[in-house]
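Asker: Chain by chain, the residues:
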Amino acid sequence: GENVEQHPSTLSVQEGDSAVIKCTYSDSASNYFPWYKQELGKRPQLIIDIRSNVGEKKDQRIAVTLNKTAKHFSLHITETQPEDSAVYFCAASIPGTASKLTFGTGTRLQVTL
Amino acid sequence: NAGVTQTPKFRVLKTGQSMTLQCTQDMNHNYMYWYRQDPGMGLKLIYYSVGAGITDKGEVPNGYNVSRSTTEDFPLRLELAAPSQTSVYFCASRLTGEGQPQHFGDGTRLSIL
Chain A
1 GENVEQHPST LSVQEGDSAV IKCTYSDSAS NYFPWYKQEL GKRPQLIIDI
51 RSNVGEKKDQ RIAVTLNKTA KHFSLHITET QPEDSAVYFC AASIPGTASK
101 LTFGTGTRLQ VTL
Chain B
1 NAGVTQTPKF RVLKTGQSMT LQCTQDMNHN YMYWYRQDPG MGLKLIYYSV
51 GAGITDKGEV PNGYNVSRST TEDFPLRLEL AAPSQTSVYF CASRLTGEGQ
101 PQHFGDGTRL SIL
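Chains as they are written, first to last, in the numbering used here: chain A, 1 to 113; chain B, 1 to 113.
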């Protein structure tokens, strides 16, 4: 089955700096890669996703890049703000498998003033 | 729309007791999923369903059962609760079709003593 690795496990940045979180996946058939943000005690919330026919997607301060050859994808957050502090999870999905998501182990992002 | 609703929000059980975690969605989503999230970890898939009357095992199904008699409801049952099942349980749903995002409920925090 699919395996997703996520790095780093913790990340501390100063407000206004950029943050980058990286994930690698094992199954080259995976074609859908969402990113979820989870605040303490809350539900995971989708912040951005990308499909395998696209190399990059942006939404305001958030962007995701995908390298299918290397089987890795990354989340980029620019101009970080204290409210960006949370745990971020990447995931991957293989088509034809009921779109089951395999999640990474999460990155705890702390944005300091 | 209320989205995905989970009840109860919190529960404490004794080892050997049974209980049902309720999940209902009002978005007419065919696909529904149950995950567990252990402290500091990612989400692991327990069971999933692609429509009423159809269920299948995920990555960690042992000790759990599900049913899907209607499109809206997807209850998760623990027959003989064990301390290893202490976790936060999330239910999610999505529309049919590749690349559709999963929408999560608020979770049930379950402690088994």
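Note that these hints are calculated values from the structure, not bench results. Some hints could be false.
Subject to a maximum C-alpha distance of 25 Å in a straight line, what follows is the list of computed BS3-like cross-link-like pairs (lysine-lysine) [as the list claims (entries may be wrong)]: (1) A/Lys100 x B/Lys57; (2) A/Lys22 x B/Lys57; (3) A/Lys57 x A/Lys71; (4) B/Lys9 x A/Lys42; (5) A/Lys100 x A/Lys57; (6) B/Lys44 x A/Lys100.
Asker: Tell me if the straight-line CA distance from A/Lys57 to A/Lys71 falls inside 25 Å.
Answerer: 16 Å, holds
Asker: Holds or violated: are the alpha carbons of B/Lys44 and A/Lys100 at most 25 Å from each other?
Answerer: 10 Å, holds
Asker: Are the Cα positions of B/Lys9 and A/Lys42 separated by 25 Å at most?
Answerer: 11 Å, holds
Asker: Has the given pair, A/Lys100 with B/Lys57, been kept, meaning a C-alpha gap of at most 25 Å?
Answerer: Status holds; Cα separation ~11 Å.
Asker: CA of A/Lys100 to CA of A/Lys57, is that 25 Å or under?
Answerer: Satisfied, since the Cα-Cα distance of roughly 22 Å is no more than 25 Å.
Asker: Given the hinted pair A/Lys22 and B/Lys57, is their alpha-carbon gap at most 25 Å?
Answerer: Given pair A/Lys22, B/Lys57 is violated - Cα atoms ~29 Å apart, limit 25 Å.
When held up to the earlier numbered hints, the structure conflicts with hint 2 and nothing else.
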